[in-house]
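Taken in order, these protein sequences are the chains called A, B, C and D. Residues 65 to 414 in the working numbering are what the first sequence lists, from first letter to last. Residues 65 to 414 in the working numbering are what the second sequence lists, from first letter to last. Residues 65 to 414 in the working numbering are what the third sequence lists, from first letter to last. Residues 65 to 414 in the working numbering are what the fourth sequence lists, from first letter to last.
Think of the hints as simulated: they come from the structure by calculation, not from any bench. One should not assume that every hint holds.
List of simulated lysine to any residue pairs, SDA-like, C-alpha gap at most 25 Å [to be verified]:
1. B:Lys-348 x D:Pro-199
2. C:Lys-348 x A:Gly-85
3. C:Lys-291 x D:Pro-199
4. A:Lys-291 x B:Leu-201
5. B:Lys-70 x D:Asp-155
6. C:Lys-382 x C:Pro-199
7. A:Lys-368 x A:Pro-82
8. C:Lys-70 x C:Asp-334
9. B:Lys-368 x A:Leu-399
10. D:Lys-196 x C:Lys-382
11. A:Lys-403 x A:Val-278
12. B:Lys-368 x A:Gly-156
Partial list, computed: chain D residues near chain B (C-beta under 8 Å) [to be verified]:
13. Ala-71
14. Ile-341
15. Lys-348
In this text, all values refer to a predicted model and were calculated from it rather than measured experimentally. Quick reminder that beta carbons are idealized off the backbone N, C-alpha and C, glycines included.
Number of protein chains: 4
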Amino acid sequence: MVKPRKAAGGEVRSVPEPTPGDNEVLVRVLASSICGTDVHIWEWNAWAQQRVQRVPMVFGHELSGEVVRVGRSVRSLEVGDHVSAETHIVDGTCYQCRTGKMHICENVQVLGVDRDGVFAEYAVLPEINAWKNAPDLDPAIASVQEPLGNAVHALLPEDNVEDVAGKRVLVTGCGPIGLLAVAAAKTLGAQTVVATELNPLRARLAREMGADLVLDPTQEGAATVTKIREATDGHGADVVLEMSGHPASLSLAFDALTPGGRVSLLGLFDRPATLDIDGALVFKAARVHGIFGRRMFETWFQVKGLLATQGFREKVLKIITHRVPIPELARAMELIESKQAAKVSLEAKW
Amino acid sequence: MVKPRKAAGGEVRSVPEPTPGDNEVLVRVLASSICGTDVHIWEWNAWAQQRVQRVPMVFGHELSGEVVRVGRSVRSLEVGDHVSAETHIVDGTCYQCRTGKMHICENVQVLGVDRDGVFAEYAVLPEINAWKNAPDLDPAIASVQEPLGNAVHALLPEDNVEDVAGKRVLVTGCGPIGLLAVAAAKTLGAQTVVATELNPLRARLAREMGADLVLDPTQEGAATVTKIREATDGHGADVVLEMSGHPASLSLAFDALTPGGRVSLLGLFDRPATLDIDGALVFKAARVHGIFGRRMFETWFQVKGLLATQGFREKVLKIITHRVPIPELARAMELIESKQAAKVSLEAKW
Amino acid sequence: MVKPRKAAGGEVRSVPEPTPGDNEVLVRVLASSICGTDVHIWEWNAWAQQRVQRVPMVFGHELSGEVVRVGRSVRSLEVGDHVSAETHIVDGTCYQCRTGKMHICENVQVLGVDRDGVFAEYAVLPEINAWKNAPDLDPAIASVQEPLGNAVHALLPEDNVEDVAGKRVLVTGCGPIGLLAVAAAKTLGAQTVVATELNPLRARLAREMGADLVLDPTQEGAATVTKIREATDGHGADVVLEMSGHPASLSLAFDALTPGGRVSLLGLFDRPATLDIDGALVFKAARVHGIFGRRMFETWFQVKGLLATQGFREKVLKIITHRVPIPELARAMELIESKQAAKVSLEAKW
Amino acid sequence: MVKPRKAAGGEVRSVPEPTPGDNEVLVRVLASSICGTDVHIWEWNAWAQQRVQRVPMVFGHELSGEVVRVGRSVRSLEVGDHVSAETHIVDGTCYQCRTGKMHICENVQVLGVDRDGVFAEYAVLPEINAWKNAPDLDPAIASVQEPLGNAVHALLPEDNVEDVAGKRVLVTGCGPIGLLAVAAAKTLGAQTVVATELNPLRARLAREMGADLVLDPTQEGAATVTKIREATDGHGADVVLEMSGHPASLSLAFDALTPGGRVSLLGLFDRPATLDIDGALVFKAARVHGIFGRRMFETWFQVKGLLATQGFREKVLKIITHRVPIPELARAMELIESKQAAKVSLEAKW
């Protein structure tokens, strides 16, 4: 699926089969899935116009696939292995890469944004970016490990310093990553998970993911904070995951936080936001983590562990509300834009 | 239940109802339970002879009770509250207490060892040592929160720096604390839990707690490590909890550990043990945590969270294999010494 | 020195010698010093009007003193000990106190704000709040350990998780706490310390504290970030301490931060501030710590260690630009308000 | 300098100039230095016989050099850059490498042990193993950054979780790494550093590195612990670095440790050691870190920061007691074996 020119949409087009370099593998795509980034590129919105330089280009970056060829320096993979992709292709030598922060490499290249992606029959991945999957993992689930990684990284942001065992967690915004975060928080031993969401479909899914309470702040108004506080033993939330990018949620995140608690910010706000630094941060001794990507590859191992936990795969399947053959990408985009879908899986039926 | 003199056994005896000080509460005991320490005191073994100075003394320290009187400075509790006891009575001003390590206070006094304990109708607790329980918590479960805290502290030893999300965990030795650790590890998101245990009753309970694999090293011999490695993706265990105090388990703990993994040592060995420091620790970059008590009170909050998690209370109930009226303590001790019981709960039926 | 009524100023007045309770000590004041809070109370500004309920009241909270009487339950102190005060008087039983966060106790009382303070001949302190000093420590230095603790807590905010060894540090705003932070960062092994400050006196002191570069952003304009980046190996600062409360410094803090770096916010902004959450926090994977008080008492031990380090006491003495007898408090306030002074020490000459 | 055959000694021999691969650089050696590993290989002791498979081989791994050629995929280095070597050549894809623990890569290759090393005119390094030095850094200092990294890694073992700010540190054994650890501990803000050492030359150097107290346990006997306790405010050491590999030091390490303190084990014991696990570890809630190599490359950045700190380079120069032209390696080895030298630098004078 190629973005042929700097304009909305995309088209199916025959492209040459890519050739892996010495440190790369060639992968046959078994399934892929749609991320918000892909929607931006499809719509060719302001962000995409500013960010995407290279057209025509194959876009898409969430996938599961089977290795069909390996470069001559590749040691850890062989033909037949099932893999997914870590989208961030890093230089390995910058300050961030050399200090355990590859996910914010100074010279990062993003699959399907800076180079050809995965909405295709075949894709090329550097060896290190190819994550080996359990052979019995459903390709549709394998493909959504990246957003699941975002969710887990927001929960456990920093060298695992911040666990959620027995904690009270608030998730503001239940898009696919928010929903995965609710599920992950419960599986990792959170005592209580409260979620906020306006969309009824997503609110229902949040409950199915295990949320103890789901609130619609547009309905609840000022009672939102009160109800969160009641649901969290009167203390407020120990951990807040802001996943909506909505200014009202930003305030709510800090209002609902217990003193000394922490907030992970993953949602994008698009414009500067206003915050009462004194009350929200200083007097409350709050801690804030900006969340970008997921740790390479600590988070992937945590995701692997989660997917081996009883009942977790079933939850992920519920979040994949639709499966669409990849040539019908336009229809899939429509399902997302109209908020009829949570996560859409793309079938490799050309 | 009083230890009347420096000799084996104990007796039921009428004692004056204790009076709480300004910072203390008087508690009516609803249930108590038997810890290994109580067995030592009952048997009056070498450890007890050296450690216990004060007789006659009421012993026992695991309890749940109802507050019936509060000292005049007490602010956080009132008559009718249900509480359990943190056994370590600390000075609050030593180096350890002032740096987040109350549980290893230099001047600690232990309930039922250094002062009157809880195998009685009434007990006195300092306000800070009285942990408020959810009103709907079964007193038998509430009473075993201390060993549960030991298990959780071994899993999450240090300011929560070391989580178990998605990790592979090995528990060597499935006494009551080992069993609770298996259950807690699974509930906190461990990918795989392997346990070792010789006793068939305990091995069965370990499986019921959720262990993915339970091995008897006396049967398996050298295959024990191989089987642990196979069950942990070939890497070995990320986290080992040594809860047996057996020298062979100490070696196994490090042999089965993945490089860079960590070992929590809770079991007591009674005599010096021999260890290949180079291979076990240095070349493996292993980390070791000595585990004593549980964090005051971070661990208690984690325990509270666990007990609010679906299905966890049921697991604890399975570990309480026997309930015995407290005047029949001799019979309860016999059940433990003969390894017919895992955890024995004492009913407040005088 | 009493705040006699709800209005600006204060007066010397004879008050009864206070009596220590069971868990308290009576201290003869050897020296005290002026904190920004005291200036607010003196000026009776909006914050003071809203916060201070109790008049007449002795104000002031930074002191060094000698214990002259101890309550009957006091164990860790005796008459003749030299002590300073931790200002936060905590309940010891709330959620925060029970989880290593006493400094943000839900029911905190502040010395010299909620109860009688230390601008007096005698003061009463709870045992746990009386910090024992080395006998040879200059009382003027001993008295400024609280703001020094603020500085150190901003540098090492969270269970020591975040050290500064070999790091590049930016301090925005060189009031007394900022100056102490510069000195502490250098002593704790920071590679480079850059400071920003407009006031020439304070800028000079920042250099004397060891700052490698001091910039005046009103002079440098957009070059400020460039120069910080050049001074930090092109990466930007690993650690930023925002100590000015100025909106322009807030933006600078994040602009000058290396991806994955951290910001401690200690300065108060008085009104909501606007921040580009996406660029400043999310894409940069920044971490933020709100800094309030100092850890009880981990930070105090770190301060003790610093004060035992060669050359550090001399630096603190340079920050104490003026020593004024306490009855001349009005003059001392004037020195601070006109920015002629950095830190003002008050001599116990009545 | 080639190890020509499986026997003691080595010889200068003409070898072909090596060719860098795509991801490698060719380096002209400016200085090198002798590590204990090189002594083992020179002596061809039991360890070397078992570990070194490849002869003839150039040995040696500590160096500083100038890049004279770069492979075609190299991006972060250019001809003329001054570099030192991280000796551990890792696969980048194993479990350890993918989780921030490259220094214990499962498939590590060691320079000068598994492949040609640096006691030569030219050496080849993978790009990621070539650490770029400040151009003004003395090559003799640049060459000892690896053992300096060992020392710093022992001080700050784990994601910087464990700092030394204001702490009391004990270093048992003052070989070159122990001496560097003493210097680093003081520069990173330790309050007190106590060292043990038998050799008078090294004991003197330990004092010059800043040790507050240096003890000879063979002279002091049982008073050793008492004196350490007195020098550490009666608490014992917060941090112990065991760098001698001597069984008596292992006991001392734990005896002198404050409850809740931590021990880094770097010295090798060659045979199993006996330890009172209960008293040393469990009751003391001690934490132990096995130290192998240094973090790649967090520790290198810390080392860089240290070397930029005033006065630190001068201390390193004092530890380099001898400079010997590399063809006179036999004489250099003799200086080390007879304990006349601390660190020996090798001059590139062929």
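List, from low to high, the hint numbers that the structure doesn't satisfy.
1, 2, 5, 7, 9, 10, 12, 13
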